[in-house]
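Chains as they are written, first to last, in the numbering used here: chain A, 1 to 337; chain B, 1 to 337; chain C, 1 to 337; chain D, 1 to 337.
Heads up, a few of these hints could be off.
Copies of the same chain look alike in the list, so a pair counts if it works inside one copy or between any two.
Said to hold, decoys possible - Cross-link-like lysine-lysine pairs, in silico, BS3-like; alpha carbons within 27 Å at most: (1) K70 <-> K230; (2) K118 <-> K32; (3) K6 <-> K32; (4) K336 <-> K6; (5) K261 <-> K10; (6) K10 <-> K199; (7) K74 <-> K10; (8) K6 <-> K74; (9) K176 <-> K32; (10) K261 <-> K61; (11) K10 <-> K176; (12) K176 <-> K47; (13) K230 <-> K47; (14) K6 <-> K61; (15) K176 <-> K331; (16) K84 <-> K261.
Derived by calculation from the structure, the hints in this document are not laboratory data. Values in this document were obtained by computation on a predicted structure and should not be read as measured data.
There are 4 protein chains.
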Amino acid sequence: MIIVMKPHAKEPQIQEVLHFVHNLGLEPHMSKGTTVTIIGVIGDESKLVNSNIELLQGVDKIVPILESYKLANKQFNPTPSIVKVRDIEIGGDALVIMAGPCAVESREQLLQSAHAVKAAGAQILRGGAYKPRTSPYAFQGLEEEGLRYMAEAREETGLAVVCEVTSSRAVEAAVKYVDILQIGARNMQNFHLLREVGKTNVPVLLKRGLCATIEEWLNAAEYIMSEGNKNVILCERGIRTYETATRNTLDISAVPVMKMKTHLPIIVDPSHATGVRAFVPALSKACIAVGADGLMIEVHPDPAHALSDGPQSLDPEAFMELCQELRPYAKLAGRKF
Amino acid sequence: MIIVMKPHAKEPQIQEVLHFVHNLGLEPHMSKGTTVTIIGVIGDESKLVNSNIELLQGVDKIVPILESYKLANKQFNPTPSIVKVRDIEIGGDALVIMAGPCAVESREQLLQSAHAVKAAGAQILRGGAYKPRTSPYAFQGLEEEGLRYMAEAREETGLAVVCEVTSSRAVEAAVKYVDILQIGARNMQNFHLLREVGKTNVPVLLKRGLCATIEEWLNAAEYIMSEGNKNVILCERGIRTYETATRNTLDISAVPVMKMKTHLPIIVDPSHATGVRAFVPALSKACIAVGADGLMIEVHPDPAHALSDGPQSLDPEAFMELCQELRPYAKLAGRKF
Amino acid sequence: MIIVMKPHAKEPQIQEVLHFVHNLGLEPHMSKGTTVTIIGVIGDESKLVNSNIELLQGVDKIVPILESYKLANKQFNPTPSIVKVRDIEIGGDALVIMAGPCAVESREQLLQSAHAVKAAGAQILRGGAYKPRTSPYAFQGLEEEGLRYMAEAREETGLAVVCEVTSSRAVEAAVKYVDILQIGARNMQNFHLLREVGKTNVPVLLKRGLCATIEEWLNAAEYIMSEGNKNVILCERGIRTYETATRNTLDISAVPVMKMKTHLPIIVDPSHATGVRAFVPALSKACIAVGADGLMIEVHPDPAHALSDGPQSLDPEAFMELCQELRPYAKLAGRKF
Amino acid sequence: MIIVMKPHAKEPQIQEVLHFVHNLGLEPHMSKGTTVTIIGVIGDESKLVNSNIELLQGVDKIVPILESYKLANKQFNPTPSIVKVRDIEIGGDALVIMAGPCAVESREQLLQSAHAVKAAGAQILRGGAYKPRTSPYAFQGLEEEGLRYMAEAREETGLAVVCEVTSSRAVEAAVKYVDILQIGARNMQNFHLLREVGKTNVPVLLKRGLCATIEEWLNAAEYIMSEGNKNVILCERGIRTYETATRNTLDISAVPVMKMKTHLPIIVDPSHATGVRAFVPALSKACIAVGADGLMIEVHPDPAHALSDGPQSLDPEAFMELCQELRPYAKLAGRKF
């Protein structure tokens, strides 16, 4: 941590800061300039977290040096993590594709989706049983019934299954049926829920919040990991900006940024990022080229009659075609698919 | 709802849309231009919510006309709502000030805070017992112990008390101790939690999410109200933008916008909006002038030793002085304080 | 400037940085921690501006300490500046109101506007002769003819006049007719134009760019001032965010932030900030309460037939009423109006 | 254009709107619902541009249907445009790479850069002679001297050259020396400058403004094209968002969006988008995969001593290596390189 004093801060003010730092058991290093004095603080920065040094007289601002997340931090864990889901390795050589409908609507719709995405080459089936919807009057999901269909689809196809959880009750139910628990964008800072999934031993897909910074996102992962569950997969799904030509703005740079900051695997969801199915193929290729470990893509057997997010869903034919187009990109990026 | 056809959409495509709308039991009105045809749809718009009309051939886009929230909508409930908390009326003539520490840290700290804010003129004591913190290693709150201190502070001072809830368990505990349940910014779209507080009969203070639109915010209120709890108070607390000179950007225009769109009362939290106590007084005056029904201000007996958000907290003297300065502004705005 | 080394940077890397800093004639101060070493650099920071120290091996990042603007900086010029425009003092005791139509449309429309805003109490007439419009097919302004009407309106009413300039040619013309040159939001970083108005001795109203930071805005002022023209007035006019309920988001906190960072006066334009005339009165009061030195408000004799920005313009009656409502707020804020 | 009346608007209000539309020579189509009436307006929408219909009694809002840009609009010009620069075709089969230093610093530095980027395979040399810098105290460019070096580099290497222009004077000079005039992000809505380059017959590279919408960007292209110069190349270079891990946020979705909305070619500048050279290779691959017509990449013979943007510049070896890595991606995307 660096403490920057105000220009022309008085000597007693500087001495008080030095004294304050010493009392916390830390070592201050002073650099005195003609106008500004700065004080470097060396040692366990966590001692300073709640210290409010910026309120001491003469202090201008505080500049933190170390990131607040540890378990998710590549500095302390330089080897890339591989999250195993049944026989699938996420974060390894394979390009992992999670596909399926936004919402589980019926047994038939889900099984149809499962067979279709399996046939095209996806390894994991997505499908929402607990739907967080902006309006209370929109379709909210089949809940446990939906989970049961997910498990059935797994039996039939051998696909692993991922499902969003939105409450403790949903976590309790979902651990009995699914292979990956998903934390949705709106719950990325629902810290209670993060702790709950952190207490399970089920892999967690952590979507980025609509306006979460990279740092907040990694701290959300840290919440899960600090409870003991190290199997976290990050998922970039677009952030909120002023631009309205797409539903959200896909922050594709987040992939190389994350590859520098964390050992956790990262996938991308171009369906939610853009909200328009016509853009999904081009962006899927870009995500593989940029180094993502996988993709999450919405596929619905009949998008025109989907109960949720129809306009961003591919139909089975389009998804099949897309997977074909993605194969050479995966190969070029050194990924098995 | 308005359906805009693509330029030069073909006649059979237009006919199919008309047919589709008819089949939903709605009445289409066509306006045919030289390049573009538009189709107005009259009737119960909710029938169209999951219809995916935009996926029909030849459709360019859909423009919704009616807002998706009803109970919170001023159009259907033109009289301003007054939320009663003990003998305090929020949304009426009074300027209501909620003040206190970010976090309840100890019995003594809370009681000191309570007496200080009472003396200055605040009517409601704020204090966090369940703290949502970005890092899992930061102070997380005293939980039920904190709630007990809140209740004790109420006994001692007669102040009403408001406390954030972050989980179903917290709601269960809080309803026994506090007068207002607060939904924090990070949980504004935690729909499960919204439903939980909606099932109680305790007034709810609903903070705006960091990147929530006005429309999403009102839909969040609708979640609470649709469960039966109509006592919702909105709280603007700054939104996330590119500007970093303040912690968030106070969207002061949200106050007149909300006064036009909803009958619910709205207060403003300038402490969280800016993150800097030096800016709180000027902004508090502005909020009264713009028409807010109240303010939420962080006050700590000893900001330099606060466990959370010290830099944005006023000390008791500064808060006392601020309240004095606010009185003529309240009077000018036609508010009792 | 502070140089933060990467965790576990090697000794020779640290030595190279120290050496590099020495060679620039600056003095490094090293603080060595268990994981991270930081190096404070004292002296003339401008020597480091183009040094690219962050590219030396082992360097993690650079944290600048001093702001890059000097002439606009309150630290070096603590006394608030007063910009004199004829007999009006902007930044002093008076609340200064600039009002008038978005665009000068005709001699008659401008003179009508001038008389109306004069009667209500405004001291300065605004009116655009060079209009920057998003579409090339929208009305672009009367150019020099418009300037002549501005000068005529001044003769008739005694109001000072302000007009936007969008090119060197416009500056050349405008200096002959108007009292204040306005730099619009879209040109805030048109550095060539900033230098041009900096070479005149005419006061400059510098609007904030749509996505300019406080720091960039002050650097834009610095461009003008560094050419010799110290008469700069800042104008907050809303920033671009994700929220669409208002045309832009009025960043009202910019007023107290600027009062802390610069000695230059600052006014607010609530008409452009919101784009909706219904919100102008409430926000105008808020701006006075927050400490703004003045307001810029769009007034048109017949908003329904305005060629530009009609929906955000007040008509003369509404403006007259608003000025009456503002008087007690001005008085309360210690302003003459 | 669609006119949406307020809920329960009165009959005479509706009649007045119909009358108003008729008087403009346009044809209104009314759709009357139980709560809301909407009026579709068919015909030449430009007649409505300055009509302020939203100010008529009972009108709630206006929904425009047609885009305001025509010449840049794919609807009216469905064939992709190819911009020819010497023997290079931008927007055709080739992947076009523009590379070189942020600023021209000296004859030697530029010639070195030119030979390096030529050797790696770039077709166009970039280099700034007029630098728009945030601070007036930063290096501002060599101006016409820099342009002469650009021309010399072209003679020596056969590369085409592109250079930013920031004023009419710069345009006048640049047309004598360079093959492409660049409009930088900060000048994207400097409409005077857009008209100036529109009057030349030199191809224009139009960078997206830091917070420009897709629509505003296309309208800026329209300014240039409406003056007669149809040779416009778009360049996505990152937008401003709340995220600070990268300098800007690369809006990669802008590429497929533009391919849908306009016939103009589009390239991407990953160097400015991220500000960090480590991220340039991964993003370059992604941009090719997503369908961009080319790339603009900063290359400097000695980034550590660059006078501008050193940290985002590749050195010649890294650029050579990158071009090698890009070849198979270009091939896969069906591009010659």
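Quick rundown of the hints versus the structure:
{"no.": "1", "hint": "K70 <-> K230", "verdict": "within (12 Å within a copy, 43 Å between copies)"}
{"no.": "2", "hint": "K118 <-> K32", "verdict": "neither (65 Å within a copy, 44 Å between copies)"}
{"no.": "3", "hint": "K6 <-> K32", "verdict": "both (12 Å within a copy, 23 Å between copies)"}
{"no.": "4", "hint": "K336 <-> K6", "verdict": "neither (56 Å within a copy, 34 Å between copies)"}
{"no.": "5", "hint": "K261 <-> K10", "verdict": "between (39 Å within a copy, 20 Å between copies)"}
{"no.": "6", "hint": "K10 <-> K199", "verdict": "neither (50 Å within a copy, 39 Å between copies)"}
{"no.": "7", "hint": "K74 <-> K10", "verdict": "between (40 Å within a copy, 18 Å between copies)"}
{"no.": "8", "hint": "K6 <-> K74", "verdict": "between (34 Å within a copy, 13 Å between copies)"}
{"no.": "9", "hint": "K176 <-> K32", "verdict": "neither (61 Å within a copy, 51 Å between copies)"}
{"no.": "10", "hint": "K261 <-> K61", "verdict": "both (25 Å within a copy, 14 Å between copies)"}
{"no.": "11", "hint": "K10 <-> K176", "verdict": "neither (63 Å within a copy, 50 Å between copies)"}
{"no.": "12", "hint": "K176 <-> K47", "verdict": "neither (41 Å within a copy, 35 Å between copies)"}
{"no.": "13", "hint": "K230 <-> K47", "verdict": "within (25 Å within a copy, 44 Å between copies)"}
{"no.": "14", "hint": "K6 <-> K61", "verdict": "both (8 Å within a copy, 22 Å between copies)"}
{"no.": "15", "hint": "K176 <-> K331", "verdict": "neither (36 Å within a copy, 47 Å between copies)"}
{"no.": "16", "hint": "K84 <-> K261", "verdict": "within (21 Å within a copy, 42 Å between copies)"}
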